[in-house]
Structures are given as structure tokens and as C-alpha cells.
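> Sequence:
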Amino acid sequence: MDFAKWYEAVSIKPNPQAIALRNRNIQTIAGNLNRPTIEALIRLTFQSSQNASASELANLRATYALDGDAVGDAELSLLAAATLFQALGKENATAGLAAMLVLTTSFGGLRSLEQPMDIVGMAKNTVKTLSDSSRRRPAFTNNKPTISVDAADAISKLQAIDTAQISAAFTALATATSNAVANLWRRQLQFETSVQKYVRMQDEELDMLWWLQGGRSNYQNLLFSEIPENQRPLILANELAQVTSTLPGPLAVEALLSRANISNDVSLTISAVLQDIPLDWIKSIYDEGLATHISSVTTPIHEAFKRRLEVDGKSAWIPVWAAVCGLQETATLGSLDLSMLLYREILVLRGE
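With my numbering applied, the sequence shown corresponds to residues 20 to 371, in that order.
None of these hints come from the bench; they were simulated from the model.
From the three backbone atoms N, C-alpha and C, an ideal C-beta is built for every residue, glycine too.
Don't take every hint at face value.
[Said to hold, decoys possible] Computed cross-link-like contacts, SDA-like style, restricted to lysine to any residue with a CA-CA straight-line distance of at most 25 Å:
no., residue 1, residue 2
1, LYS147, ALA28
2, LYS147, MET227
3, LYS143, LEU355
4, LYS109, SER68
5, LYS24, ALA59
[As the list claims (entries may be wrong)] Simulated DEER-style distance windows between Cβ atoms:
no., residue 1, residue 2, range
6, GLN232, ALA350, 30 to 40 Å
7, ASN111, VAL200, 26 to 36 Å
8, TYR305, ASN144, 25 to 35 Å
9, THR288, GLN46, 37 to 47 Å
Make a model of the complete structure from these sequences and hints.
Here's what the structure looks like:
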């Protein structure tokens, strides 16, 4: 991470000591992320008109400024972007969540991002890396359990014919044996958990392949080709998301959607697609329990669903939705990109 070079964008004469302090504080935040903090970082990074929560904003400013000067608005945006970049470089669940939220926020490139680093590109790489590494066959480590006990000391105590020393020798042997068995059990449990996760993922991908082979949607039992072209991206994305158990999902999702005749060769007006999709279908997939987690910044398609439901399906939601999401009412997106956006939104909301 070339933070010193990035910092030149907000400082005419960067102070090496100040840069080191800011970088240290970035590492602190990046190592302790949760969903609300990621949301705040993304809003700052994309310089969204929808401000981060006051509490998260105050906490971030205080942490970035620790042992240094107060943080200005432009600097805060850069520090947030650098924090996300640092977090995206890890191979863990938090990196996966952050990457998916960056991609849903980008909205297929319709939202501009002015930062000295390629956050969206990094997020794509993170998703690819995690999709691959999380689905590798677990390796079995064939380490023999060891019992750590001083045999010579134990024998000498037994030969002493002293009850207390004999008791101590047997206690040491019992403790060492118990520890060895416990370590063996922990390794076995860890391996079994990994195998169960791997098998679950294999079943998930098999279900996806059978779904594609059948060529029939669960929605009204329609063939893929019978679903209207402007509704197909959302309907099929939801069906793949329902059989995905682990974020960020398999690498093959985009290919599966392509085989289901969803292509970026078809450009769709986003608001028109979201208005034309049957209201009953939205009600069938919309989880009221997740309504408080829906965000106009990181889950804009679900934000549209929520607003359309509020007006009972009428089109009055479109201007307001476009305004709060920072999009044009007539904005268009490739069919495949729109499908992938909904797929990712469903996964990140379900992961709450």
C-alpha cells in the first residue's frame, strides 16, 4: 500500500511523522471492521451525498487523528479509501463483505469514484481470490499427537516409593495424555468443519448446475426463455442467490447467468426494469426483517424495492430513489451487470 504517495493528494508538504501516525491509525481501523464501519468508510470513499452516521463519523475522525492533528474532510475521504484498500488485501470474511459492498455501491461504474487507488478493481480481485480460496478441497494435516512428559523424572519418582511423588508422576502423565487427546480432538473437529463446509459448497454448485441444465425458473415454473427479457436478470439472480450459502459465492455465477441468456449486449433502463418487475415477486423476496439494513448507498436495488412497496407499486418512487441514490432516472446498465448487482445485494443483506 503506497500510502505516502496517496497522501500527497491532500497535503502539499507531507510530514513523514504525520504520515506514519495516520498509517498506523488506518491499520487499527482496518483490523477492527464491522458492517456499520464499512458502510461509513464506503460513504466517505465514494463521497456520497448520504452522510455516514454521526457516531461512526465521530469515531473515525477521532481514531484517524489519534496522536496527530485533526482530520479535514478531504483527508477523511482519502483515509477511508486507504482503510478499505488495506482491508481488501486480507483473505477473510470481512474482506469479502467489504469487497461485495464496494461493488454494489459502484453500481456497475455508474457512480464515480475519485481516489488515487483503484478500490473497485481491488474489490473485484478480492472477490475472485476469496471465491477461489474458500472452495478449495481442505487438506488433512497428518501430525501425530505427542505426549509431553518427562519419562526419566516419572520413573525416578516411582522408584522412590514415595506416595506423594508417585501421585505427582501419575498426575503429570494423566495431564499430558489429556492434553494430547484434546489437541487431537480439536484438529479432528477443525478438519470435519472444513470438510462439511466444502461439501456444502459442492452441493451448492451442483444445485446451480442442475438449475441451469433444467432451464426452468422457480418463478411460476417458467422456462428461462419465457421470462420477459427485462425481468430475467432480477428473477434469475435471486434464484442463484437463494442456493448460495457462502459469501462471496462461486466464481461461476456470472458464467451461469450468461448461459441463462443474460448478457451485457442488452442494455436496460434500471428504473424501468425495477418498475416493470411484478410487485408480487418483490413481495415474495423482500425480507421486512432486513429493512433497517437496506441502504441507498450500498444496496440501491433493494432501496428501490422498498420505495416501490411504499407506494403500492406506482412509479412515484422513481424520482426520489434516483435522487437519494445519486443516479439519473434514465440510467442504463447491461443486463448481466444488473443481475450480478442484485445477486451480491442479496448475499450481503442475508449476511447481516
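> Could you run down the list of hints and mark each one as holding or not?
Here's how the hints hold up against the structure:
Taking the CA atoms of LYS147 and ALA28, the gap is near 30 Å; set against the 25 Å cutoff, the hint is violated. A C-alpha spacing of about 18 Å is found between LYS147 and MET227, which places the hinted pair at or below 25 Å, so the restraint holds. Simply put, LYS143 and LEU355 have alpha-carbon atoms about 16 Å apart, close enough for the 25 Å limit, and the pair holds. For the hint linking LYS109 to SER68, the alpha-carbon distance of about 29 Å lies beyond 25 Å, and the restraint is violated.
Of the pairs offered as hints, the one joining LYS24 and ALA59 holds, with about 24 Å between alpha carbons and a cut-off of 25 Å not exceeded. Evaluation of the 30 to 40 Å hint for GLN232 and ALA350 yields a pass: the beta carbon distance comes to about 35 Å. Checked against the hint of 26 to 36 Å, the C-beta distance between ASN111 and VAL200 comes to roughly 30 Å, which is consistent with it. At roughly 32 Å, the beta carbons of TYR305 and ASN144 sit within the given window of 25 to 35 Å.
Between THR288 and GLN46 the beta carbon distance is about 43 Å. The supplied range of 37 to 47 Å therefore holds.
Checked against the numbered hints listed earlier, the structure breaks hints 1, 4; every other hint is satisfied.
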